[in-house]
Amino acid sequence: MTILKVTGLTILDERTGDTLVKDSSFQLKKGTCLAIAGESGSGKSLTCRALMRLNQPGLKETGTILFKGEDISLFTKKEMRKKRGREIYMIMQNGMTAFDPSSVIGVHLKQAAAEHFDWSAEETERKLHWALESVLLKNPGEVMNHYPHQLSGGMMQRVMIALALVLEPDLIIADEPTTALDAITQYEVMNELSRLRERIGCSMIFVSHDLAMVRKIADELLVMKEGEIVECGTVESVFRKPKNDYTSYLISTRQALSDHFTSLMGSREQC
Amino acid sequence: MTRLKHLRNDPLAMISIVIILFTIICGIFAPYIAPHDPEEVNMNLRYAPLSWEYLLGNDHLGRCILSRIIYGIRPSVLWVLAALVVSVLIGAVIGFTAGYFRGKADTFLMRICDIMLSFPGYVMALAIIGVLGVGLENILIAFITIKWAWFARIIRTSVRQFAEADYVRYAKTIGKGHIEIMVKHIIPVTFADIAVISSSSISSMILQISGFSFLGLGVQAPTAEWGMMLNEAREVMFTRPELLLAPGVAIILVVMAFNFFSDALQIALDPSTQEKKKNVKGNYLLKRRLNRHESTQA
Amino acid sequence: MVRYMIRRLLISIPVLFIISFITFVLMNLSPMDPAKVVLQAQGVPVITGELMEQTREELGMDRPFLIQYADWLWSCLHLDFGTSFVTGQPVWALLGPAFFNTLKLTLVSSFMVVLFSILLGVICALREGKALDQSVRGISFFLTAMPSYLLASLMIWYFAVKLDLFPTNGTGSIGSYILPVTVITISYAGIYFRVVRSSMISNMRKDYVMYGRACGLKERHITMRILRNSLQVAISVFCMAIPIILGSTVVVENVFAWPGVGSLSVKSIVSRDFPIIQAYVLLVAAAFVLFNALSDILNAVINPMVRNDL
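Residue numbers (the working numbering), protein chains in the order written: chain F, 66 to 336; chain A, 1225 to 1522; chain H, 9 to 318.
Source of the hints: derived by calculation from the structure; they are not laboratory data.
A virtual CB, placed ideally from N, CA and C, is assigned to each residue, including glycine.
Watch out, some of these pointers could steer you wrong.
In silico DSSO-like cross-links for lysine-lysine, where the CA-CA straight-line distance does not exceed 30 Å [as the list claims (entries may be wrong)]:
hint, chain 1, residue 1, chain 2, residue 2
1, H, K226, F, K143
2, F, K147, H, K44
3, H, K226, F, K125
Just so you have them, the derived chain A footprint on chain H, three or more residues with Cβ under 8 Å [unchecked claim]:
hint, stretch
4, 77-85
5, 92-100
6, 111-123
7, 226-233
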């Protein structure tokens, strides 16, 4: 069953008239993970935001996006807001800046939970504690009382994953969730993401420019370059036989790094 | 300098530059341009309306208003520019020393700047005028005294940023002299910052200095100055409000021209606004705005 | 937090000392001999050297410099700023009521400035690029290019004389506040609302807004966050606005004949009445430093990140 179907998505900058994303079409089956790879500025993030109708008003989007068979552009603002978080959830690149810097993290988590569920204060608290604990954050009560700048990037990423555990969305968009982290934390966060998928059985769009990561988590891969999709297929087939020159260039340049990383992750996984 | 070409595509900026240049040239060549002697009293022509001989009419002493406006450019704009240049120069020397050599010199100089900046500028200016007595030159001295510290701080920040750059370190390693490094590698890159901050201070300085003259603390009669002309006009404003018009329009026009010019200059010279011209300019703009408050209106 | 407050206030003390010292030195740098000023003001026809010596002694100017300073500072702390050279009255008797008048004008104006800056700044930011935003910015651009004394004069001419709505001078009634406060509000709110606006706009593009939306939070909640974060920047600016307005009401006070320190200081400068100028500078500079400290403390209360500094 297809959870998301994008046809002919084009994003235009109305001010400058530039085409930022050009006629891109893809689909996502329920429970699978689609990776979008490409260098910065290739339109990955814009595509993701378009899926949640979160792009700035100055950007003009055409094409259709069907989420669970419904055209998202036909939802009212309120309907869309109800879907965000509960049905489509986004994990941001930099957890440190994703939370309001002048209030403690708990405030955001509780607000988000209150938005989608009619839980009592105690129940919300209990669920959040459970979620934070299950992403290996000790002392969840204390974590919730911290300001974003008092925690590390890896911890913030886990907090975002924990919120996904609570909200149980059907589709998670992870926009370069590990780019801002160091190698070991990257590995840990990737593990949490995999476990998250197993637990709530969601579909995922995983954006990254790191092909090693992509190989680890994704089923299908989509490569973007200058706003266009240049490659599309299952991860294994793309890696084995890239159709596009750009993809093979990406794969070859990342090869040395990837090999090392895959071996590292592979060996750790067996423990 | 290629960045300055952006200015050409901005019609408002071009108009501003034309107004500014025109004003400056009129001020410099005032004796050749002004149709009459600005101080020539002619009681027969008191409050005379516009005429071909006196294009903007005559004031309460029958003096030619147009000539007074043209001569008034000198104290109201040219001397202000001169004071600005001097304070920027002092600020630049101190800012360069502090930012480039760092260490004790930096700490010491910045402490002095902090102390200078802990005085409200306007009150400090009044204090200095109080000590030295009224007069345009004293106001200019007062302004140089209160402004340099501010420029020094900004220039130091800018220099520091570049003094840490790798190519400067490299130049040091291969044994280039300090002076050579400064002249070749630091002055050219900090020039943009200096141009932006000085241009953004001009308008507030023009307003403030004319304000002092308006209060009778600056230029003394009968010398022509815009602020003082407005003060003279105010005394008869219930019967002849039109006298406020000429000097008022002159000040507003020049101040607006400088404002537009400095905004355009900033957009043209700021690398972060090169690509996304309309986007937020972040901290830098904010700092600049803060400056405008610090140097409040007169 | 309390520790931060105490430390921040302690830092102001040396600054106050330095300010008082500079003020004192400045007045002693004057090319005019104070003794001569006093004698001239008292209308003494022939000023002899002997008379000058005597006056100097009376003023305590024959003592070592630092002792003079310490003495002066000590009396200043008791609000004894000496006597006016010109009228012979104690300075505080002249300056005190004037300072109170200026303070009233300043506080009312500051309140209006803050109110209008936030109001206009928030509205313009939420309507960024729309007609309302453009026109407000255009008008403010014009009004801030206008010298405030011209604005004040025009207002007197129009509202007080042509329409005869408000009194042109004095502090008598509430009506007499309207024109001066309006002039100050226009001059400052025209600048400060841009700070609020640009701060709002830069916050609107931050990640936390995107993430908040992605979590399905209500726009109302998100706007509150943007407001809270952008006002943090604005609050420190606003705290500084109070002393800045205090220090620059001079022009407005003179145009509206407001009996405040501004009018008094201009009069004293013209008549070279040093003790009054000295006391005026000291008072306003001290207010400036204290408000500065206050703004830092307020900022630390709202913004947890600042607290760790210092």
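Cross-check of the supplied hints:
Distance check on the hinted pair: K226(H) and K143(F) sit about 9 Å apart at the alpha-carbon level, within 30 Å; holds. Proposed proximity of K147(F) and K44(H) is contradicted: the alpha carbons are some 81 Å apart, above 30 Å. A threshold of 30 Å between alpha carbons decides the hint, and for K226(H) with K125(F) the separation of about 23 Å falls inside it, so the pair holds. Coverage of a stretch by a chain is defined here by at least three residues with a beta carbon nearer than 8 Å to that chain's beta carbons; for the stretch 77-85 of chain H and chain A the count is 0, and the condition is violated.
Coverage of the stretch 92-100 of chain H by chain A is violated in this model, with 0 residues showing a Cβ closer than 8 Å to a Cβ of that chain against a need of three. Look at the stretch 111-123 of chain H against chain A: 0 of its residues bring a Cβ nearer than 8 Å to a Cβ of that chain, fewer than three, so the hint is violated. Three residues within the 8 Å Cβ limit are the bar, and the stretch 226-233 of chain H against chain A gives 0, so the coverage statement is violated.
The earlier numbered hints that this structure contradicts are 2, 4, 5, 6, 7.
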